[in-house]
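Participant: Sequence:
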Amino acid sequence: MLQRPNRVIGVAASAGGVETLQQLVRQLPADLDAALCVVLHIPSTGRSLLAPILNRVCQLDVVVAEHDATIRSGVVYVAPADRHLLVHADRVELSSGPKENGVRPAADPMFRSLARAWGASAVAVVLSGALDDGAAGALAVAQSGGHVIVQDPEEALVPGMPASALAVSSAHDVLPVGAMGAVLSRLVGLPGTGVQGDALTIDAQSSAVEAALWTALEVLEERGERLRRIATRSDGQPRTQRRFVQGADLADERSAVIRRILQRESEVTG
29 MLQRPNRVIG VAASAGGVET LQQLVRQLPA DLDAALCVVL HIPSTGRSLL
79 APILNRVCQL DVVVAEHDAT IRSGVVYVAP ADRHLLVHAD RVELSSGPKE
129 NGVRPAADPM FRSLARAWGA SAVAVVLSGA LDDGAAGALA VAQSGGHVIV
179 QDPEEALVPG MPASALAVSS AHDVLPVGAM GAVLSRLVGL PGTGVQGDAL
229 TIDAQSSAVE AALWTALEVL EERGERLRRI ATRSDGQPRT QRRFVQGADL
279 ADERSAVIRR ILQRESEVTG
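Under this note's numbering, the very last position in the sequence shown is 298; numbers go up by exactly one each time.
Warning: the hint list may mix true and false statements.
Unchecked claim - With beta-carbon atoms standing in for the labels, derived distance ranges: (1) Arg32 - Val273: 47 to 55 Å; (2) Gly206 - Asp96: 33 to 41 Å; (3) Ala58 - Leu278: 19 to 27 Å.
In case anyone wonders, no lab produced these hints; they're calculated from the structure. Built from N, CA and C at the ideal position, the CB exists for glycine as well.
With the hints as extra help, turn the sequences into a complete structure.
Facilitator: As structure tokens, this is what we get:
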């Protein structure tokens with residue numbers, strides 16, 4: 029589809045988000061009359077591998093968002109590294125504005141822009157992740173008349189973001205991810221495809237392994253950043269500081285190994 033969408037759906041995730049996003053997008057029908065804008069917390073360096081990962085399981089066209097790209101129905105726009113993804117009436121904007129909630133891309137600026145531009149036609153989806161990014165933005169979407177869907181915190185691998193969104197906004201739906209496809213399809217006037225219970229195909233197994241590797245990468249990189257922040261605050265305690273630096277270095281080494289594996293897989297599968 030190359031038409032203006034009926035709705036724009038903003039989706040936010042962090043730790044544990046890749047597998048969750050795969051589970052979500054594989055439910056969406058090819059003729060879904062909506063555009064999706066996806067923010068996943070990723071390191072500021074390097075390129076995101078999320079778009080090709082999602083493309084393998086999604087019937088919609090998944091692309092890395094480009095500045096000033098026209099919003100089209102049937103397209104999933106993934107925020108690139110180190111840029112906020114903002115939504116306007118007919119286009120997306122990539123912004124190098126200040127980090128929010130310690131990250132860029134962040135969910136809150138995307139949701140706020142979505143609320144301003146699309147009002148009652150906006151949908152905010154908050155998935156697995158730590159801390160509270162997306163909570164304030166989801167509230168803005170709700171206050172603009174849009175629809176808010178939050179992953180059930182009891183199901184989320186990391187419940188911080190969903191729980192925070194529930195704490196500050198009245199979500200219209202609190203659901204397991206497997207039920208979200210039908211709800212989103214209904215919101216745009218189409219029947220949902222649902223989640224099939226068949227055994228995983230080889231491709232699905234490969235995707236699941238890849239998602240697990242990406243989740244491990246997210247956790248390790250967040251751990252490395254956290255340990256370095258703690259080490260910085262440990263001035264005057266050299267032994268303690270050294271221990272935290274060593275832990276951060278180890279996390280970085282493991283992250284590098286996983287990133288090389290994911291990069292090779294991306295090159296092999298195209």
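Participant: Hints first: check each against the structure and report whether it holds.
Facilitator: Each hint tested on the structure:
1. Arg32 - Val273: 47 to 55 Å: 51 Å, holds
2. Gly206 - Asp96: 33 to 41 Å: 35 Å, holds
3. Ala58 - Leu278: 19 to 27 Å: 44 Å, violated
Hint violations for this structure: number 3 only, all remaining hints satisfied.
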